[in-house]
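Modelling step: build the complete structure from the supplied sequences, incorporating the hints.
Sequences listed follow chains R and S, in order. In terms of numbering that gives the first Met the number 0, the first sequence opens at residue 0 and continues consecutively. In terms of numbering that gives the first Met the number 0, the second sequence opens at residue 0 and continues consecutively.
Since the hints were derived computationally from the structure, they do not count as laboratory data. Please read these numbers as outputs of a predicted model, since none were measured by experiment. The beta-carbon is built from N, C-alpha and C at its ideal position, and this holds for glycine as well. Hints may contain errors.
Claimed, not checked - Ranges of calculated distance between the beta carbons of each label pair, as one might list FRET restraints:
| hint | chain 1 | residue 1 | chain 2 | residue 2 | range |
| --- | --- | --- | --- | --- | --- |
| 1 | R | P102 | S | R201 | 48 to 56 Å |
| 2 | R | T203 | S | R201 | 26 to 34 Å |
| 3 | R | E23 | S | G48 | 54 to 62 Å |
| 4 | S | H100 | R | E66 | 55 to 63 Å |
| 5 | S | L49 | R | W85 | 52 to 60 Å |
| 6 | R | V53 | S | Q83 | 51 to 59 Å |
| 7 | R | R201 | S | H47 | 30 to 38 Å |
As the list claims (entries may be wrong) - Facing chain S, a subset of chain R residues (Cβ under 10 Å, in silico):
| hint | residue |
| --- | --- |
| 8 | S10 |
| 9 | R32 |
| 10 | L166 |
| 11 | F174 |
| 12 | D175 |
| 13 | I177 |
| 14 | I182 |
| 15 | E185 |
| 16 | T186 |
| 17 | G194 |
| 18 | V196 |
| 19 | L198 |
| 20 | P202 |
| 21 | T203 |
Number of protein chains: 2
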Amino acid sequence: MERLFSDISMSLDGFIAGPFAGPEHPLGIGGDRLHQWVYQLESWRRQHGLSGGVPGPESDAMRESFERTGAYLMGHGMYRVSSQSWGTHPPFSKPVFVLSHTPREPDVRTGGTTFMFVTDGLRGALARAKDAAGLRDVCLAGGADIIQQAIGAGVLDELRLHIVPVLLGSGTRLFDRIGAEYIEWETSRVNGASGTVHLTLRPTAPARSA
Amino acid sequence: MERLFSDISMSLDGFIAGPFAGPEHPLGIGGDRLHQWVYQLESWRRQHGLSGGVPGPESDAMRESFERTGAYLMGHGMYRVSSQSWGTHPPFSKPVFVLSHTPREPDVRTGGTTFMFVTDGLRGALARAKDAAGLRDVCLAGGADIIQQAIGAGVLDELRLHIVPVLLGSGTRLFDRIGAEYIEWETSRVNGASGTVHLTLRPTAPARSA
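Written out as structure tokens, the structure is:
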């Protein structure tokens with residue numbers, strides 16, 4: 000059964016991007032700090048066509064995340080701010096389904112990445128991504144809005160959350176606008192290297208009134 | 000040298016209390032969930048005059064936190080909402096300095112807890128608490144406002160943060176209103192038992208413009 004998972008880095012104060020995110024600064028001002036731990040990993044560098052890097056458990060976990068992914072699901076905001084920075088050879092190498100309001104022709108790039116724009120809502124886009132993923136999983140790439148929608152709708156099966164020990168003070172919060180409900184998660188793995196705290200979380204109780 | 004530390008439980012989405020905190024619900028609606036991991040510890044139960052409970056590393060860490068504390072520092076909001084629930088024998092058994100706007104006679108209770116109201120600001124209250132603590136440390140009990148003030152002023156030496164894998168959705172955020180600055184922390188200990196993630200954090204770079 001294909002699962003929907005997300006793999007995302009968050010600051011201690013809950014931000015996944017700094018302020019003023021836009022095409023010039025896709026991660027916002029200061030947001031790059033959240034990804035420093037990953038840029039140095041061997042598996043991340045290989046995925047991006049680079050050699051070298053640090054091997055070990057963090058690199059292995061990142062490789063596992065790449066390998067289990069058969070397709071990506073993405074919000075239109077993330078596509079809009081990051082599209083230019085990915086260049087002609089984006090690091091996905093898989094079909095990417097972008098949840099959109101307006102129909103648009105696919106954006107085909109080299110290396111196996113094709114962005115397809117889906118206008119029939121989160122569940123429609125998820126169904127198409129699961130079809131495309133075959134026996135693999137669907138990775139929910141972000142941004143925050145679509146992750147919040149997926150949590151609220153109860154369709155996010157797993158959240159791989161990397162908590163980076165920095166306070167950004169402002170920017171885009173991962174957990175916001177989910178409403179006055181609470182959701183219980185199971186913490187199924189914790190390993191701390193490089194100062195970053197890696198959690199694999201699975202919702203155990205669906206959203207309910209607090 | 001006496002240090003100022005704080006020891007606090009936070010939800011995944013950054014709340015240390017649920018919504019509608021007040022004298023009837025000092026931790027807000029649903030906020031009790033954040034402390035379930037601690038209520039069962041042997042050391043916590045002993046501190047509260049109860050027997051039994053679960054021994055182990057989490058209990059030991061909590062005992063260490065009690066034992067290193069020579070005095071407490073507290074915001075007036077926390078005193079106001081929680082004062083009644085602590086009853087005649089509060090669990091502090093130490094002097095508690097409450098940062099206030101208006102002078103007031105000390106509130107003396109049994110078991111060694113005396114609440115003293117200090118009106119000369121955070122630094123004044125901290126100086127008095129450090130004097131009272133002798134060679135021990137000062138524990139910043141909360142709430143969120145005074146912790147944010149202490150982080151912003153660069154006087155919080157250590158934050159023992161317990162991240163509980165639950166989304167509360169609303170309530171009081173621990174990290175809020177600290178401004179568009181970022182602060183780097185060193186993660187000095189990570190141990191995960193009972194599903195809660197325990198971090199000991201020390202600021203390594205003071206607040207600076209992002």
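Hints, verified against the model:
no.	hint	verdict
1	R:P102 / S:R201: 48 to 56 Å	holds, 52 Å
2	R:T203 / S:R201: 26 to 34 Å	holds, 33 Å
3	R:E23 / S:G48: 54 to 62 Å	holds, 59 Å
4	S:H100 / R:E66: 55 to 63 Å	holds, 58 Å
5	S:L49 / R:W85: 52 to 60 Å	holds, 57 Å
6	R:V53 / S:Q83: 51 to 59 Å	holds, 53 Å
7	R:R201 / S:H47: 30 to 38 Å	holds, 33 Å
8	S10	holds, 8 Å
9	R32	holds, 7 Å
10	L166	holds, 4 Å
11	F174	holds, 3 Å
12	D175	holds, 8 Å
13	I177	holds, 5 Å
14	I182	holds, 4 Å
15	E185	holds, 7 Å
16	T186	holds, 5 Å
17	G194	holds, 5 Å
18	V196	holds, 6 Å
19	L198	holds, 7 Å
20	P202	holds, 9 Å
21	T203	holds, 9 Å
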